[in-house]
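Peer 1: Sequence:
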Amino acid sequence: MTSDCIHTPRLSPRSATGGRALLWTASHGRAPVIDGGLRRLAIIILAAVAFISGCALPMERKALLGGRDTTIDNVQGPTERRLRDWLWRKEREEDLAVDGSLKPIPGTDAYLAAEELYEDGDYVAAEKAFKKVASKFKKSEIREDAIFMQAESAFNQGHYADAELKYSELLKFYPSTRHLDDVSKRLFEIARAWLDFPEAAELGEVQQVNYDDFRRKLPAEQPAEKKSRTPVFWPNFTDEARPLFDPEGNGVAALRLIWLNDPTGPLADDALMLAASHYARKGDFIEADRHYTLLREEYPNSPHVQQAFVLGSHVKLMSYQGPNYDGKTLQDAEQLKQSILRLYPDLDEKERIERELSRIEEAKAAREWELVVFYERKNNPRAQAVYCHLILQRYPDSRFAKLADERLKQLGPEFASGGKLLEARPDPPPYRSTFGRRPSKPPPPSRPENVPDSRWFGRSTPAGEPQPTPDDADAKPIERPEPAEPRRDRFRRSEPEPKAAPPYPAEPPLETASSGDEPPAETQPGGWSRMFRFSPPRLLRPNSDAKPAAPEIDDEPASNESAGQAEL
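Numbers given in my numbering equal positions in the sequence shown, counted from 1, plus 113.
Hints are not guaranteed to be accurate.
What the hints assert, rightly or not - Derived DEER-like restraints, expressed as beta-carbon distance ranges:
1) 516 / 358: 51 to 57 angstroms
2) 377 / 465: 58 to 64 angstroms
3) 358 / 232: 22 to 28 angstroms
4) 395 / 474: 26 to 32 angstroms
5) 302 / 335: 22 to 28 angstroms
6) 444 / 395: 24 to 30 angstroms
These aren't lab readings, by the way, just hints derived from the structure by calculation.
Glycine residues also receive a C-beta, built at the ideal position from the N, C-alpha and C atoms.
Let the sequences and hints guide you as you build the complete structure.
Peer 2: Encoded structure:
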């Protein structure tokens, strides 16, 4: 075999390294071996450098942060925001079909099938199909159209109650629906069908004012006839075009939906006018006044505003209850009628309004005359004269001016001339008279006897001791008892008085079996102490080993008599 045919096998990297080591050994005599101690020293040096430089290990970082999340995953810069917008536009373009139209909305196929039933005139089946679509695809955009078409199907069948319920549901979930104009028209038609008077009221159809007695209303000049005589509480089980209860109330509720949800629509002022007319015919003048006021303030350019002024002033005057009640409605009605004459000088009912203004002046004079009658019952001639002069000054053409003149003549010339009213009034008496009699003055308080001592509860001073009189020359000042302590300190134990030291030392008390267990009689707790669970402190006993101090002995011996007295 020649040298050209010699095959040299290829070695792996590890084998090559081993071969180089063998060559190094062959040439130098030993292989380069890294010492293990040197390796450990290098690792220690690297760890020390990392520690000095401030690098923290993962476990140390977690301990320092204390569980706080310091990631910036949710922070997006301008480039990332642009990329996100670009992805959103790309996904939107993918949603478009090939012909450029949007992808079908969920529930579109079922909606189109129900719409075909509606166009064919099968409103019963269409209503059921639209109801199924609205209940199945609640989160789809098709639900708005499904609810509207369900209401339309019920309306075409003549089921106005079901249609009104669905229209109100549509306005509740979609207040800015694109079907708002159609919904307002349908609700207005339903309200006119349910109300007995589908047109705006005229002045002759409303009750008239009784100026002699405002609480008794006069009947209408041209009363409108009611279509239905069914009571409000009587349920409806036969007519599907009317609700179960209270058709008129539900009709007003339908009108309220119009001006609340579509206040700028073409039927908002019509709905307000129809609701106000309903209340005016019904006799609810306060609600009618509120609706007419809303119409005048919110829709000044409405074609119904003139009628709102005329009927509004009338119902405001109708809500006035008489001179014994609040007069604000009377003043508002007067101002409103004056505004009508200024705004509409060519009004056909101008003469009637002028007559009503003169009757209002008469009603204002009646209010002042009621005050004269009130002070007559109070027997106050001065106040009567004041209001009589006020009637003569403000309402000289009223029928109450003559009554006021006669009353001033009865009171006297000093009140008729007004001179009595200019005099200063005397000061009021210190006591208020009761039935013309002044109450008797109470006697002065006398000195109490048996005043309780403030030091001991229940202890009193003797009352039988003679008291000195001021006539005595040697009279001593009367000692007044100390005032009683406040109630909070009444049951507090008082400190015992210090006893005087005896002239001679006392013998130590005898020790008995019960002397250390029972307190002395004078320190026994009373009934109040037992009630409040108060136990007095135990008295300290002198030590049996203690001896009394020896008395001082004079230098001279004591006599037998003095010694005997000492022994005693």
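Peer 1: Against this structure, judge whether each hint is valid.
Peer 2: Here is how each hint holds up against the structure:
1. 516 / 358: 51 to 57 angstroms: Taking Cβ atoms as reference, residue 516 and residue 358 lie about 53 angstroms apart, which means the hint holds.
2. 377 / 465: 58 to 64 angstroms: Cβ of residue 377 to Cβ of residue 465: about 35 angstroms, so the range 58 to 64 angstroms is violated.
3. 358 / 232: 22 to 28 angstroms: Taking Cβ atoms as reference, residue 358 and residue 232 lie about 35 angstroms apart, which means the hint is violated.
4. 395 / 474: 26 to 32 angstroms: holds, 30 angstroms
5. 302 / 335: 22 to 28 angstroms: Holds, at about 26 angstroms.
6. 444 / 395: 24 to 30 angstroms: holds, 25 angstroms
In this structure, the hints that do not hold are numbers 2 and 3, in rising order.
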